[in-house]
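**Student:** This is what each chain is made of:
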Amino acid sequence: MTAYIIRRLFATLPVMAVVTVFVFFLLRLAPGDPAAIIAGDDATAADLEAVRAKLGLNLPIHEQFGLWIWRLAQGDLGVSIFSDLPVTRLIAQRVEPTLALTLSTLFVAVSLAIPVGVIAAWQARKLADRAVMVFAVLGFAIPGFLAAYILIWIFAVKLQLLPVQGYRPIGQGFWPFVEGLILPSIALGVTYMALIARITRASMLEVLSQDYIRTANSKGLATKRVLLLHALKNAAVPIVTVIGIGIALLISGVVITETVFNIPGLGRLTVDAVLKHDYPIVQGLIMVFAAAKVLVNLMIDISYAFLDPRIRY
Amino acid sequence: MSILSVRDLATHFHTRDGVTRAVDGVSFDLAAGETLGIVGESGCGKSVTALSIMRLIPPETARITPGSVVEFEGRELTRLSEEQMREIRGKSISMIFQEPMTSLNPVLTVGTQIAENVWRHTGIDKRQARERAKEMLDLVGIADSQRRLDEYPHQLSGGMRQRVMIAIALSCDPRVLIADEPTTALDVTIQAQILDLMLELKEKLGTAIIMITHDLGVVAETTQRVVVMYAGRKVEEAPVGELFARPLHPYTHGLMRAIPRLDIDAETAGRRPRLKEIPGMVPRLDKPIMGCAFAPRCDFATERCRVEAPPLEDHGKGHLAACWEVARVQTVAA
Ligand SMILES: Nc1ncnc2c1ncn2[C@@H]1O[C@H](COP(=O)(O)OP(=O)(O)O)[C@@H](O)[C@H]1O
Ligand code: SF4
Ligand SMILES: [Mg+2]
Numbered sequence: 001m002t003a004y005i006i007r008r009l010f011a012t013l014p015v016m017a018v019v020t021v022f023v024f025f026l027l028r029l030a031p032g033d034p035a036a037i038i039a040g041d042d043a044t045a046a047d048l049e050a051v052r053a054k055l056g057l058n059l060p061i062h063e064q065f066g067l068w069i070w071r072l073a074q075g076d077l078g079v080s081i082f083s084d085l086p087v088t089r090l091i092a093q094r095v096e097p098t099l100a101l102t103l104s105t106l107f108v109a110v111s112l113a114i115p116v117g118v119i120a121a122w123q124a125r126k127l128a129d130r131a132v133m134v135f136a137v138l139g140f141a142i143p144g145f146l147a148a149y150i151l152i153w154i155f156a157v158k159l160q161l162l163p164v165q166g167y168r169p170i171g172q173g174f175w176p177f178v179e180g181l182i183l184p185s186i187a188l189g190v191t192y193m194a195l196i197a198r199i200t201r202a203s204m205l206e207v208l209s210q211d212y213i214r215t216a217n218s219k220g221l222a223t224k225r226v227l228l229l230h231a232l233k234n235a236a237v238p239i240v241t242v243i244g245i246g247i248a249l250l251i252s253g254v255v256i257t258e259t260v261f262n263i264p265g266l267g268r269l270t271v272d273a274v275l276k277h278d279y280p281i282v283q284g285l286i287m288v289f290a291a292a293k294v295l296v297n298l299m300i301d302i303s304y305a306f307l308d309p310r311i312r313y
Numbered sequence: 001m002s003i004l005s006v007r008d009l010a011t012h013f014h015t016r017d018g019v020t021r022a023v024d025g026v027s028f029d030l031a032a033g034e035t036l037g038i039v040g041e042s043g044c045g046k047s048v049t050a051l052s053i054m055r056l057i058p059p060e061t062a063r064i065t066p067g068s069v070v071e072f073e074g075r076e077l078t079r080l081s082e083e084q085m086r087e088i089r090g091k092s093i094s095m096i097f098q099e100p101m102t103s104l105n106p107v108l109t110v111g112t113q114i115a116e117n118v119w120r121h122t123g124i125d126k127r128q129a130r131e132r133a134k135e136m137l138d139l140v141g142i143a144d145s146q147r148r149l150d151e152y153p154h155q156l157s158g159g160m161r162q163r164v165m166i167a168i169a170l171s172c173d174p175r176v177l178i179a180d181e182p183t184t185a186l187d188v189t190i191q192a193q194i195l196d197l198m199l200e201l202k203e204k205l206g207t208a209i210i211m212i213t214h215d216l217g218v219v220a221e222t223t224q225r226v227v228v229m230y231a232g233r234k235v236e237e238a239p240v241g242e243l244f245a246r247p248l249h250p251y252t253h254g255l256m257r258a259i260p261r262l263d264i265d266a267e268t269a270g271r272r273p274r275l276k277e278i279p280g281m282v283p284r285l286d287k288p289i290m291g292c293a294f295a296p297r298c299d300f301a302t303e304r305c306r307v308e309a310p311p312l313e314d315h316g317k318g319h320l321a322a323c324w325e326v327a328r329v330q331t332v333a334a
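Chains V and F, in that order, are what the protein sequence lines are.
Our numbering puts the first sequence at residues 1 to 313.
Our numbering puts the second sequence at residues 1 to 334.
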């Protein structure tokens, strides 16, 4: 198992290398002169030169690349053009809200979707199953931001149970922190909930018709054990795969949700940096998002080996 | 003395295309410690009979029809709650299946799959259950049992998996073991080993066995009494010696002509010879059958056979048969 994990870990290196090269050339090969875009319309030649020097664009391309790699290896993502602060620090400041939102959304989606999907498969074609399927189709069809506005209107404006917008760091107390996350997590989570519930149902249905489930029942085991151990463990690989895809989509989706709910996370940082053409920040964010997705992928791969003893690479 | 008594068992599948009468009025008794064979071609309702006793038939489509009786140790199983039935499954009546490759759970260890049956039905804790699982592996002749406990089914051969299934089934000392074609999917040599193992354990533990098979060779080797099934019904029943000495039903004759003889078997070295199969096919059971179900394939069939179903009649020495032409069948056979 350890050898397998180490092999998987090494397998992520080529992907990260490609991302690194891509991010480097993104700025250099983008149409137009980045320095001109950054410096603005009425910049003088001297201004342009200053911007180029700051971005290192005046050096030969191979030296630029060498420098980029060298700094990256030291965990240095450069300096923001506008605020002069290190990109790593700017990103670090914004990680908590995004991480909190992603994890809480995932928690809401998975903790509801899996039981619901299991029950639907168990009660296949009965009332509970049909109710779940209607919900799944609706949940999948409603866009996240629409769900968000509906939830805000009901729970924050009409019932005044939860804050309308904003984010409270966990440092300011656990309950305010949770309160602020409830509505965004549900809004963002409905789609994934629907998706994960569906795949859980489908995967469970297939497993429940297998011979070994009949064997489990021939031992007189409790329904709970048959469903949650014998069946769910066999059904888990597709479910985990979809959860992984869900996390990847969530990471990209924070841009919209953070805007709607006014949460100062990486999504908002991305929007601001793109609008201001703050290239070093954009580069840094792409690296961070890519690394996060590679990491998720790695965890999914490793979980396969735990779930299914037949998987050995 | 009978511990399991099946009376007029009928199990029908209700699907969009109509009603399939998979089992249609079957009766038999199983005495304590006895081995009863149920034999018949594929599709005759043997598995559905077994699953009906266990009440493991698919609940959405299958119905055990009212009037069916399955009495086990004085309790009527068709009337028990699902919860009461679960107390019986795996403890008092257990079952092994045809496909050793798919009958074990691929993601749980062998040890877990044996031990869970033990701690489900006895008060003992998980450590003791694991001890018991190891004992069971030793009992079914799996070497290096301590290590095998932590292995997964894909690490075992087909024969070993069937041994594990037997270990699970016998782990709570059941009164009745239902074996549904336990050796059909195995090689000839492994088949013999598994049958020997079952007979040996039956002697040791005193378990009564219902041995379901399409192979009269297996019946001859392992059983004391035989029920022959055709198209969801019992067409003949007799003590095993009596059946082979004096088969009364044309279908049983047909099955006997299809038994591979050992000398030929050795020549073809492992390939299962298909000798003199009964011509024609088992009838579909999704429409009511007029007259004798075997008539389209029967050399003795008369006009009467095609319109009137023959009743099961007692021909002495515990020998029952459902055929109008028993007398003629016997003279031709002799
Ligand atoms: N799940 C099912 N749904 C519908 N029909 C079934 C089902 N299982 C078995 N049958 C029908 O019941 C009949 C008997 O099947 P089975 O008991 O499996 O035969 P055997 O075990 O003797 O080969 C067959 O005609 C088969 O088509
Ligand atoms: S009743 Fe008639 S058709 Fe049926 S087995 Fe006997 S002789 Fe053949
Ligand atoms: Mg069968």
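Warning: the hint list may mix true and false statements.
Lysine-lysine pairs mimicking BS3-like chemistry, simulated, CA-CA at most 30 Å apart [unchecked claim]:
hint : chain 1 : residue 1 : chain 2 : residue 2
1    : F       : Lys134    : V       : Lys224
2    : F       : Lys287    : V       : Lys224
3    : F       : Lys126    : F       : Lys204
Not the full set, but computed from the structure, chain F residues with beta-carbon under 10 Å of chain V [said to hold, decoys possible]:
hint : residue
4    : Glu82
5    : Ile88
6    : Thr112
7    : Leu156
8    : Gly158
9    : Ala169
10   : Asp173
Ranges of calculated distance between the beta carbons of each label pair, as one might list FRET restraints [said to hold, decoys possible]:
hint : chain 1 : residue 1 : chain 2 : residue 2 : range
11   : F       : Val69     : V       : Thr2      : 46 to 52 Å
12   : F       : Glu135    : V       : Leu161    : 56 to 62 Å
13   : V       : Ile142    : F       : Thr61     : 32 to 38 Å
14   : F       : Gly206    : V       : Leu9      : 54 to 60 Å
15   : F       : Pro106    : V       : Ile37     : 55 to 61 Å
Since the hints were derived computationally from the structure, they do not count as laboratory data.
C-beta atoms are modelled at their ideal positions from N, C-alpha and C, and glycine is treated no differently.
**Student:** Going through the numbered hints above, which ones does this structure break? Give me the numbers in ascending order.
**Tutor:** Violated hints (numbers, rising): 2, 7, 8, 10 and 11; every other hint is consistent with the structure.
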